[in-house]
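**Q** What follows is each chain in one-letter form.
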Amino acid sequence: EVQLVESGGGLVQPGGSLRLSCAASGFTFNNYFMHWVRQAPGKGLVWVSRISSDGGSTMYADSVKGRFTISRDNTKNTLYLQMNSLRAEDTAVYYCARVEYGNIPYGYWGQGTLVTVSS
Amino acid sequence: DIQMTQSPSSLSASVGDRVTITCRASQGISNYLAWYQQRPGKVPKLLIYAASTLESGVPSRFSGSGSGTDFTLTISSLQPEDVATYYCQKYNSAPWTFGQGTKVEIK
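One line per chain: the protein sequences are Z and W, in this order. Heads up: the first sequence begins at 1031 in this note's numbering, then just goes up one per residue. Heads up: the second sequence begins at 4 in this note's numbering, then just goes up one per residue.
The shape of chain Z in the complex, shown without the other chains:
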C-alpha cells in the first residue's frame, strides 16, 4: 500500500526555519517525481515545489523561490522541504504528493503537516 507520511510541522516565529519530511513506503520511491503543495487555513491549494526522481532537477513557486529548498534521500525513501525566512503567509498545511507515470499529477497525497508562522 502506498503511503506518504509528512512530519516536521509546528509553530515557528517569523524569520525562522523548519524542515518538513515526507516518508514514503509501498512503492519504489526513486522512480517517482514528487511535489509539495500547501493550503492555508480555509483557502485553496497552492503548488509549492517539484523534484525529479533522482533529485537532480527542482522547481519552485515564485512565492518560495530562494527561501525553500526541496530535496530527497532515495536511500531513506524520504522527501524534504527546508523552509527558511518563514513569513506569516507561509502558514498552511503542507502536503507531499506523488506524480504518476506519464506525468499524471497527484494520485497519492500525504495527510499533511501544519506549519504555523506566528510570533
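Just so you know, these hints were derived from the structure itself, not from any lab. Think of the CB as a built atom: it goes at the ideal place given N, C-alpha and C, for glycine as much as any other residue. Accuracy of the hints is not assured; some may be wrong.
Claimed, not checked - List of simulated lysine-lysine pairs, PhoX-like, C-alpha gap at most 20 Å:
| no. | chain 1 | residue 1 | chain 2 | residue 2 |
| --- | --- | --- | --- | --- |
| 1 | Z | K1106 | W | K45 |
| 2 | Z | K1073 | W | K48 |
| 3 | W | K106 | W | K48 |
| 4 | Z | K1073 | W | K45 |
Unchecked claim - Which bits of chain Z does chain W cover? Going by a derived footprint, with three or more residues having C-beta under 8 Å, they are:
| no. | region |
| --- | --- |
| 5 | 1076-1089 |
| 6 | 1133-1147 |
Stated by the list, open to error - Pair ranges (Cβ atoms, derived):
| no. | chain 1 | residue 1 | chain 2 | residue 2 | range |
| --- | --- | --- | --- | --- | --- |
| 7 | Z | S1082 | W | K110 | 42 to 52 Å |
| 8 | W | N34 | Z | Q1043 | 21 to 31 Å |
| 9 | W | S68 | Z | L1041 | 38 to 48 Å |
| 10 | W | S33 | Z | Q1043 | 23 to 33 Å |
| 11 | Z | G1086 | W | R21 | 16 to 26 Å |
Use these hints to put chain W onto chain Z, whose structure you have.
**A** Frame of chain Z, contents of chain W only:
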C-alpha cells in the same frame, strides 16, 4: 505564468441534479488538466486527468471535457457524498497552478 480561473466559486444544487464546473486557462494547455475533489477536512483526491480520463475507482457520474483553454467537470447526478470543493490544476509545465476552487453544496 498561466492563470487558472474556475467558475462558479460556489454552487448549491439538489440531489440528482446535473452540476457543471468550468475551468479556464489564460493560455492554451492542450489537455494537461486535472480535477481534484476535497471533501471537508480531507486530503484532495484525483478525479480526472488528461482533461477527460477518469481516475480508477472514481464513480462514472463524474466526467471531464475540454482542451486548450476551456475545461468542464460534470457531475451527472449529484449525490450527498459529492459535497466538496473541486479544484482544477494545469500540469503541462511549471508552475502547476490550481484554480481557486468551487465549493459544491446540497440544496
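**Q** Each hint needs a verdict: does it hold in this structure or not?
**A** Hint check results:
Of the supplied pair hints, the one linking Z:K1106 and W:K45 is violated, its CA atoms being roughly 27 Å apart against a limit of 20 Å. Restraint check for Z:K1073 and W:K48: the C-alpha separation of about 16 Å stays at or below 20 Å, so the hint holds. Between W:K106 and W:K48 the alpha-carbon distance is near 15 Å, which keeps this suggested pair within the 20 Å criterion. Restraint check for Z:K1073 and W:K45: the C-alpha separation of about 13 Å stays at or below 20 Å, so the hint holds.
Three residues within the 8 Å Cβ limit are the bar, and the region 1076-1089 of chain Z against chain W gives 4, so the coverage statement holds. For a cut-off of 8 Å, the count of residues in the region 1133-1147 of chain Z with a CB near a CB of chain W stands at 9, and the three-residue condition holds. Against the hinted window of 42 to 52 Å, the Cβ-Cβ separation of Z:S1082 and W:K110 comes to about 46 Å, which satisfies the hint. Restraint check, W:N34 to Z:Q1043: a C-beta distance of roughly 44 Å breaks the suggested window 21 to 31 Å.
Separated by about 44 Å at the C-beta atoms, W:S68 and Z:L1041 satisfy the suggested range of 38 to 48 Å. Between W:S33 and Z:Q1043, the C-beta spacing of about 44 Å breaks the proposed range 23 to 33 Å. Taken as a hint, the range 16 to 26 Å is violated for the pair Z:G1086 and W:R21, whose Cβ atoms sit roughly 46 Å apart.
Figure legend: structure checked against the earlier numbered hints; hints not met, in rising order: 1, 8, 10, 11.
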